[in-house]
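Student: Listed below are the residues making up each chain.
Number of protein chains: 2
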Amino acid sequence: MMNKYRVTFLPDQKEVEVAEGATLFDAAEKAGVYLNTLCGGVGVCGKCRVQVTKGNAKADKQSIALLSGEEIQSGYVLACQTRVQDNLEVFIPAESRLEEEQILTGSHLEEQKRWRETCPLTYSEPQWLSVHKRPYDPASVFEPLVSKVYLELPEPNRDDNIPDTARIVRGLKKKLKYSSYEMPLDCLQHLSAKLREYTWKITATVARHNDMGRILQIEAGNTSDGNYGVAVDVGTTTVVIQLVNLKTGQVAGVEGSHNLQARYGEDVLSRIAFVCGKGSLDILQQAVLENINNLIQSLAQEKGIDIEDITFMVAAGNTTMSHLLLGLMPCSIREDPYVPTVDLYPQVSAKEVGININSSGILQVMPSVASYVGGDTVAGILACGLADRMETACLIDIGTNGEIVVGNSERMLSCSASAGPAFEGGDTKCGMRATRGAIQKVKISDGRVIYETIGKAKPRGICGSGLIDLLYELARNRVIDIDAKFRPSVKGKRLVEAAGQLQYMLAFPEETETGQALVISQSDIDNLIRSKAAMFAAVKSLVDYVGLTFAELERIYVAGGFGSYLSIEKAIGIGLLPDVPRERIEFVGNSSLMGARMALLSLHMFEKAISISQHITNVELSYYAPFADEYMAALYLPHIDHERLFPSVKY
Amino acid sequence: MMNKYRVTFLPDQKEVEVAEGATLFDAAEKAGVYLNTLCGGVGVCGKCRVQVTKGNAKADKQSIALLSGEEIQSGYVLACQTRVQDNLEVFIPAESRLEEEQILTGSHLEEQKRWRETCPLTYSEPQWLSVHKRPYDPASVFEPLVSKVYLELPEPNRDDNIPDTARIVRGLKKKLKYSSYEMPLDCLQHLSAKLREYTWKITATVARHNDMGRILQIEAGNTSDGNYGVAVDVGTTTVVIQLVNLKTGQVAGVEGSHNLQARYGEDVLSRIAFVCGKGSLDILQQAVLENINNLIQSLAQEKGIDIEDITFMVAAGNTTMSHLLLGLMPCSIREDPYVPTVDLYPQVSAKEVGININSSGILQVMPSVASYVGGDTVAGILACGLADRMETACLIDIGTNGEIVVGNSERMLSCSASAGPAFEGGDTKCGMRATRGAIQKVKISDGRVIYETIGKAKPRGICGSGLIDLLYELARNRVIDIDAKFRPSVKGKRLVEAAGQLQYMLAFPEETETGQALVISQSDIDNLIRSKAAMFAAVKSLVDYVGLTFAELERIYVAGGFGSYLSIEKAIGIGLLPDVPRERIEFVGNSSLMGARMALLSLHMFEKAISISQHITNVELSYYAPFADEYMAALYLPHIDHERLFPSVKY
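Chains V and S are the protein sequences, given in the same order. Residue numbering for the first sequence follows the numbering used here, starting at 24 and increasing by one per position. Residue numbering for the second sequence follows the numbering used here, starting at 24 and increasing by one per position.
In short, the hints are calculated from the structure, not lab data. Among the hints, a few may not be true.
No copy is singled out in the list; a pair is fine if it fits within one copy or between any two copies.
[Said to hold, decoys possible] Quick list of in silico lysine to any residue cross-link-like pairs, SDA-like style, CA-CA up to 20 Å:
(1) Lys224 x Gly272
(2) Lys196 x Leu367
(3) Lys200 x Asp234
(4) Lys200 x Leu626
(5) Lys516 x Ile87
(6) Lys217 x Ala296
The shape of chain V in the complex, shown without the other chains (with noise of 0.2 Å):
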């Protein structure tokens, strides 16, 4: 018989008893409490890492090298490479954890309310969407595809005994502009009842489906005021909602949290690996509806709205997210030449694929263009306005998987280029998402470093738009080379040598919450000069083969998970984006669950959505030999080409 083991998780206290041989990795999930990954527990990130503190657990061969040997001495091990021999006390570093452990683990409202007031995810809305007045405003145009009608029918007699159905709808006729209408067979079932009980006031739920109303509900009389529903934007990351009156327009709230799939795998790649190999689709599938039916429930209860008064949900995501949430199998997206089931995703019940909105609700997806440049980046251009305007604009929607856009009314063309995580906080040692506590904003000068972190807490790591500024600022105090390689003559308190390379002290162990030192290392700065060269090449690539220029682009809107702060001069400085007139860049944020939530208010955003995604043209970047070229020569900060590419930075 196999033994068991008691495996105790400090701080929480959480107690498991697993089988010998389970990875500590899986007992923590049992018990509930959630450890980061990236590379979905193969042992090759190392942020899994934990401390033993009780009991016998040795770090096997391959964690050593991710490990310092003061970790190794101090019991660390990684979780996902270390198999329960023995009864274990375990202490887990905030670093190791999900972050939103809280919202996973405890279905407690009081837990959940607490942690979102203590460690809120940022969310920023552009500015110029409620400043300027541009020509596809959602308020033009705004028609909900689901809307709620009131309605005092005539009792039926003698004269005008017409069916119960075709009196509704001769009432609805006079309301909304259908011209026919269908009723499903689950809101027919005791219609007749409910319409005599209601004494023929009522409110009928209508969707528009197939340029019909489709009849949805009938609640007993004026309900037309509780009309919500739910933008999201399914990032592969973070998974975030607006809850909208649909009756009104307004945005009841905004809620967030990190996609629950991310201990799967932390991009879309290994966890379609994770999906067509040993894992299931089930799994991913009913995490991030997780994701999405904790986040409702949470902030709908916040907002005191009754989650049946949601009816329509409309979602942006990259292609696999988009697969991943419908249930579809996305193994032929990884494979050349990189084929996904379905791009115009059809509507879909709500409740069929395990939303918890109204149960006769409506699930929208998103229209996607190709296998890497999904709904998300459609929503941003229904967003930015790209496609509505004549002016040549590009769109660069920076992430693990990053996705350009140029074009303009006439002719939009796109690709994607896998620029890795290191932008969204993954890939280096000490980033982070930009959550409370990552430093957003770093400038040194004369080997001072000043930083500034999100709700101006102690700092717990670095995001993307900190490592940006970092990685400017280290180019500019020439601490690294053209060639982004620190600077040996440099040497001192904070480029110090470890492990075999040099990393730079960003926070000492006293400035932080943790108490260890942020560093950044060679290799970290590897990292982010390859996801800014991807992007960079991606973006010029792409331009080219469009045959313009850079000067030529009117407009370049920059959308990612950069928080509510990026600055476009240091991301210039860095390579990362093209040096055109600062004024034509325009930092847009969550461009695409802006989208999704013009598409939830206006079907004609939503129309327009299907006719963008089925006219641009998609170029795969793999297929197009300068790409790499191109590459090679992002591999330079700012780039190899300074002169030609870069004539305003100077250091």
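With chain V fixed as given, assemble chain S onto it according to the hints.
Tutor: Using the frame of chain V, we list chain S on its own:
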């Protein structure tokens, strides 16, 4: 504690244990023995008489009125009125059991087959459909709503890597005319793996839905030959299905059974009363689903057709039958002002309703006109082509609920008359449905009675067409008078007095299968006369209402469950049908089933049915004052105004 008793039913030797106080009717049902009932178990029809051969059980006071002294002496009781207070042995006479017992109780196909061979329901298809060329012959617009299309798709490559769904749609657009397609979620799931496993050689099942192509399923290879549909006539008394090849349009087979709902009431009013009173909707819905599913299963098995290859079903029934089939409460149909829930039934998933065909299969119920003019009438109009021609015609569907339509391609009016079940075998002691052993033709000559039974079997009863003949022959031979009363002066061997009334011996005990005489009593004749009067008065009222005369009707279509035989001459002779030149009258049999098949084979026909249902003006005879007088005038043979209205009828 309540006592339990054992009841054994003979001749089946079926034993069951029931609680004290259960009725024998319920005990029989529990034992899987189904008894006849017209009244729904309230003790007034006398159809469920059984003989208690062991144990104590007494007929109650009410029952005694319906049983002869001799019967009471022999232990006869009404099963629905007799409560079990002892262990019993009960014999069920042939006439008291529902004839399709074998198909109901045995799921064994052997038994079913035996029953079908020995006791087929007669189904007749009017000759003209296959003989004459009609402008709307289904063959000329053959286009079933559901089709199967074989596609050999090119494998994706780098130059052609559109999504899987787009590839399928591209293939379909070359073969079908829909400009847009949708694929429901369950078909999308696993689509990617299927396509690759099937090496892109697939058969798509496509249904039209709101003018789009809806892709229901994807199968491996070319399965386009395996596409079948089912047309169903859901009659109040009889359910008949036709299995039709949707690729060729050919009828593969036909099968019928008695509506199992009959246990809960003979006509629609008593069934509505059951559902809306102490009974339940679910019981009646499940009953008719059992009918349909059994018929499909046995017919498909007989014809060697896979049930998975049945993708589409069209059902025609009166408004109540249609509501019950879909699980819609029928209560308001019965209450003034007679409002049904719905007239245009939505296209629904057969599986959702409980029909066992392909799990993606579709059920479409024919649209209805009003509470008492249903989809069966609309189907009948379709079958007759009444709405397609300029000539003014009349459709008379004789049944428990009779429907009449008068009109042409310009204008149509309808009405209904509650005629009672006399012509369907109810309301008369020896009446039965048009099945094996039923007398369907009668001639009386010099006191001799010559009859013909269905299947040339020994007579078991008399069906509608036999009753029409009999009534006519009794009148012609002056056994009954113009007021439809037996003439006491002709009393003799055939016309005898029993239980205080005169009755006519149609068949002596030695001639019959049951060994009991087949007789028609004065009260039977009264019931028949009331039925025929209601039908004729309805026809007359509607023709008057429109401002026409019978002479202006260029054609009269007569539909009804009369088996293969109906004497037009004798039907006119008793004043059931108007006295017009005989060649204008066409007996079209089960026009409801025929119309359902037309809609099954042609979506244009279904559209026409919708158009018909929406353009008929229904006249509620209960609000039409002259109807009562017309009814009174028609309670004579052939009519009180014999000379003016039936000049050609001479006895």
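Student: Would you pick out the hints that fail for this structure and give their numbers low to high?
Tutor: Result: hints 1, 5 break, sorted rising.
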